[in-house]
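**Q** Spelled out, the chains give:
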Amino acid sequence: MTSQKIVFLYALIGSLIIFNIGIFMGYMLESSRIEEINSMYASTEIKILDQITQINSLAVMEFDCDSLMKENINFANDIFAEARLIQKYEDANILSEEIISQHKRFDLLRTLFWMNSIKIKEKCDLDFHNVVYLYKYNEPTIEQKSRQGMISNLLGELKEKYGEKIMLIPISGDNDIPSVNLLVEKYNITEFPVILIDEKIVITDVNVLNDVEKYLN
Amino acid sequence: MEVLSSIYLAYMFVSIYFLLLFIFLYLHNKKNLFAYPELKKNYSVSFVIPAYNEGETIGDTIKHVFDIDYKNIKEVIVVNDCSTDNTKEVVENLQKKYPKLILVNNPKNLGNAGRSKNAGLKFATGDVIAFVDADSYPAKDSLKKMLGYFNDKKVGAITCPILVRDANKFFEKIQDIEYRVIAFTRKLLGYTGGIYVTPGPLALYRKEAIKETGGFDGENMTEDIEITWNLIHHGWEREMCLSTHVSTTVPQKFSDWYKQRRRWTIGGIQCMAKYKHEIFKRGMLGMFVLPFFILQFFLGVVGLGVFFYVGGTNILTNYLFTKYSIVADVPLLTMNQLYITPSFLNYFGIVIFSVSLIFTFISLSIMKKTMMKKNNIFNVIFFAVIYLMVYPFITLIAIYKYFKRETAWGTHDKKSIRKEI
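Protein chains in written order, with numbering that gives the first Met the number 0: chain A, 0 to 216; chain B, 0 to 420.
Check the hints yourself; a few may be wrong.
Partner residues are not named here, just some residues of chain B that face chain A (Cβ under 10 Å, in silico) [stated by the list, open to error]: (1) 1; (2) 7; (3) 192; (4) 338.
Simulated crosslink set (DSSO-like; lysine-lysine; CA at most 27 Å straight-line) [to be verified]: (5) 158(A) to 322(B); (6) 29(B) to 4(A); (7) 322(B) to 135(A); (8) 4(A) to 275(B); (9) 152(B) to 4(A); (10) 4(A) to 30(B); (11) 73(B) to 139(B); (12) 322(B) to 87(A); (13) 160(A) to 322(B); (14) 280(B) to 4(A); (15) 213(A) to 322(B); (16) 153(B) to 4(A); (17) 69(A) to 199(A); (18) 4(A) to 273(B); (19) 144(A) to 322(B).
Calculated directly from the structure, the hints in this document are not laboratory data. Heads up, the beta-carbon is just placed ideally off N, CA and C, and yes, glycines get one too.
Generate coordinates for the entire structure from the input sequences, incorporating the hints supplied.
**A** And the structure:
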């Protein structure tokens with residue numbers, strides 16, 4: 000019987016082709032997700048730029064606090080939903096590194112949003128709370144990952160309970176963004192996860208809803 | 000890319016490679032899978048049946064051997080390795096009915112099948128020596144269909160499918176699936192010259208070939224793997240005849256099955272250690288069999304490490320998350336968490352697994368030609384998902400036992416559970 004050892008080579012060539020097709024399709028899948036994040040980013044960016052323009056044009060036109068507040072609330076809701084979606088895509092991301100820079104861009108937008116919220120609050124004398132959630136993004140330990148999972152659900156509950164009374168802003172605290180680093184330094188934050196309420200109270204040990212809630216009433 | 004993702008991709012590549020290898024071989028040879036060469040010479044055949052406490056089954060085995068439809072059986076030699084049951088009496092009684100039946104009583108217990116086979120070999124006078132386990136039952140047409148492969152002077156050994164006798168219980172049915180898939184893939188490997196074992200239940204050897212190897216390795220726990228590697232080393236080819244079979248009894252209890260598989264794995268390690276110098280040398284042993292075995296062990300052990308790492312990390316994370324969530328009185332599962340986002344590795348893995356499953360079904364449906372029993376889908380999925388998952392654990396334990404030099408046959412391991420497939 001003639002030996003068919005050449006099949007070993009055919010199988011190698013075939014598996015290289017299939018494997019590369021698989022990798023290519025993986026890239027396509029991840030690219031389509033990044034594309035989705037990109038379009039989300041573009042829409043968020045427009046909203047925030049508009050908000051900044053409104054705040055900065057106070058000198059030349061009337062400042063509509065109601066409208067700004069409404070936009071801010073919608074914006075805060077979008078940000079929370081976006082953060083969860085990006086997190087999910089990141090967890091499922093294998094090949095592309097682009098999602099990491101996308102995360103940074105979103106962190107920057109959220110930081111801008113936070114700054115705007117502070118300004119709106121000051122200028123319109125509104126009664127809402129900025130709840131900034133700074134979490135560990137790079138290689139969290141098992142303990143940090145579990146705690147962050149719990150805090151994420153806890154903040155979801157908080158948002159449901161207080162609705163428009165709070166602006167919930169999740170930002171990764173260790174993603175090497177200079178402006179975030181400056182804020183982290185300013186508030187003497189040395190560990191993550193941490194919750195910052197109204198730029199005054201830093202809560203490092205969040206165990207129950209009341210640990211946050213007591214500063215909101 | 001993370002280390003874990005790279006490991007997963009490496010496993011996927013290996014899976015695709017072997018899957019394609021078998022698919023190509025099948026597509027290229029599907030028309031002659033069950034073909035066998037016409038018998039051109041009247042080979043004389045000697046049977047050797049090593050036995051230790053096989054009183055329950057040996058009578059039936061001997062009857063099956065004498066029932067084989069072949070005229071030139073020179074003798075059937077039963078080597079009784081100091082059995083403490085009625086093996087000797089059963090054989091002595093059958094000697095009255097079968098004059099060609101020879102009983103060789105070892106003066107002392109030799110401790111394993113390999114040594115008993117060598118003892119029987121001394122009395123074998125045929126051109127071809129057929130070794131049969133004492134609880135295995137060759138089909139009537141086995142010799143007529145297998146011997147023709149010896150027309151090719153380079154062929155030193157011939158094997159055939161081993162099928163589970165009376166696969167009625169769930170655990171036997173699962174092993175039946177395994178045996179049939181192995182038989183099918185071994186046939187396919189045969190087209191490349193890659194057969195790496197001629198299993199104990201029924202294996203035919205050209206006398207000249209077995210003499211050249213020096214016989215079975217009495218120190219090896221899987222003498223039938225070792226002799227095959229030895230044959231490859233000496234340049235002898237091996238063939239697999241898919242059109243006949245030998246049926247055999249299989250372990251019914253998990254503990255017996257575990258001991259059997261552990262012994263096989265230790266035997267595999269012994270073979271790798273013995274032939275390590277052959278690695279990457281020209282020929283099937285150095286270029287395929289040895290690397291294939293090493294890869295199999297390596298993937299098993301690394302896979303187990305990854306399994307424990309990922310499993311352990313997930314358990315700990317979920318435990319802490321649950322603990323914190325209970326204390327905080329927040330939901331353990333939200334709608335958002337129910338929405339799963341699969342990675343491309345998940346999709347890739349599902350595709351590979353599905354194709355493997357389809358291939359398993361195809362092999363089983365092809366193997367129905369030699370066995371009519373049906374297997375339900377659940378059994379096949381159980382085989383693919385759960386049963387095969389146990390192997391890496393056995394590999395790890397076998398490596399430990401090997402390095403602790405626990406390589407002797409246990410007394411309870413000698414009977415009924417010693418065959419290779």
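**Q** Next pair to validate is residue 144(A) with residue 322(B); report whether the Cα-Cα distance is within 27 Å.
**A** It holds: about 13 Å lies between the C-alpha atoms, which stays within 27 Å.
**Q** Hinted pair, alpha-carbon criterion (27 Å max): residue 160(A), residue 322(B). Please report holds or violated.
**A** This hinted pair holds, its Cα atoms lying about 23 Å apart.
**Q** If you draw a straight line from the CA of residue 4(A) to the CA of residue 30(B), is it 27 Å or shorter?
**A** holds (19 Å)
**Q** For the pair supplied as a hint, residue 322(B) and residue 135(A), is the alpha-carbon distance within the 27 Å limit?
**A** holds (20 Å)
**Q** Taking only the CA atoms, is the gap from residue 152(B) to residue 4(A) under or equal to 27 Å?
**A** Cα-Cα ~20 Å, so holds.
**Q** Given the hint that residue 213(A) pairs with residue 322(B), test it: the Cα-Cα distance must not exceed 27 Å.
**A** The hint holds at about 22 Å.
**Q** With the threshold set at 27 Å, check whether the alpha-carbon distance from residue 322(B) to residue 87(A) stays at or below it.
**A** Measuring from Cα to Cα gives roughly 23 Å; hence the hint holds.
**Q** Given the hinted pair residue 73(B) and residue 139(B), is their Cα-Cα distance within 27 Å?
**A** holds (16 Å)
**Q** Identify whether the interface hint at residue 7(B) stands, where standing means a beta carbon of chain A within less than 10 Å of its own.
**A** At 9 Å from the nearest chain A Cβ, residue 7(B) passes the 10 Å test, so the hint holds.
**Q** How about residue 192(B): closest beta carbon in chain A under 10 Å, or not?
**A** holds (5 Å)
**Q** Starting from residue 69(A), check that the Cα of residue 199(A) is at most 27 Å away, please.
**A** Answer holds: residue 69(A) to residue 199(A) is near 24 Å, not above 27 Å.
**Q** Would you check the hint for residue 153(B) and residue 4(A), treating anything up to 27 Å between C-alpha atoms as holding?
**A** Roughly 17 Å separates the two Cα atoms, so the pair holds.
Of the hints listed earlier, there is not a single one the structure fails to meet.
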